[in-house]
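Just so we're aligned, residue 910 is where the sequence shown starts under this note's numbering, counting upward by one.
No wet-lab data here; the hints were simulated from the structure.
Honestly, I wouldn't trust all of these hints.
As the list claims (entries may be wrong) - Cross-link-like lysine to aspartate or glutamate pairs, in silico, EDC-like; alpha carbons within 20 Å at most:
| id | residue 1 | residue 2 |
| --- | --- | --- |
| 1 | 913 | 1032 |
| 2 | 913 | 1033 |
| 3 | 921 | 964 |
| 4 | 921 | 949 |
| 5 | 980 | 995 |
| 6 | 980 | 964 |
| 7 | 969 | 985 |
| 8 | 969 | 928 |
| 9 | 913 | 953 |
| 10 | 921 | 953 |
| 11 | 969 | 926 |
| 12 | 969 | 1013 |
| 13 | 913 | 926 |
| 14 | 969 | 1003 |
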Amino acid sequence: MKGKHRVIVSTKRLKYDFEIRRNLTVIRGDSATGKTTLVDMIRDFVNNPAGTSVELQCDKNCFVLEGSLWKGQLTELSDSIVFIDEGNEFIRTEEFAGKIKETDNYYVIVSREALPTLPYSVEEIYGIRTSGKYGTLKQSYHEFYRLYGAETYRNARYVSCVYKKKAEYGLS
């Protein structure tokens, strides 16, 4: 899985335009930032492309993985971008982590919580922010921004900690 894949998901009022760079991307953020809306729009397009106002442009097939049948659905998907919303408990399991390693898909996971079973890069953790005006009929654009990355570490200050022996504090 090499290269970048641009995903554009839009309606008359909303537009998400972002690139997938690695096999595992995490989207984080507070409530009402548009994370679940993105997944819902993709689900609408996949389930009923002719009967929805959602447009999806991507060089890969996009799908939403969810529910108790996720294992069966996952075995059917290949060379795709798979979106998963945080309400799916299976994303926190070791079984899920093992299954996705066996595939050639890209994964975009929406989660406010850490996912310790998954091997994702801090450079591929994004938030969503909205540009444009609320309360109008103009299209509002959602952009992804890196929460962590190379710039974060360049500007970080390192603090060294000195630990004393428990005995010095009277602890055993």
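For each hint, the structure was consulted:
no. : hint       : result
1   : 913 x 1032 : 14 Å, holds
2   : 913 x 1033 : 12 Å, holds
3   : 921 x 964  : 9 Å, holds
4   : 921 x 949  : 15 Å, holds
5   : 980 x 995  : 17 Å, holds
6   : 980 x 964  : 27 Å, violated
7   : 969 x 985  : 15 Å, holds
8   : 969 x 928  : 12 Å, holds
9   : 913 x 953  : 24 Å, violated
10  : 921 x 953  : 15 Å, holds
11  : 969 x 926  : 14 Å, holds
12  : 969 x 1013 : 12 Å, holds
13  : 913 x 926  : 13 Å, holds
14  : 969 x 1003 : 26 Å, violated
In the structure shown, a violation is registered for the earlier hints numbered 6, 9, 14, in ascending order.
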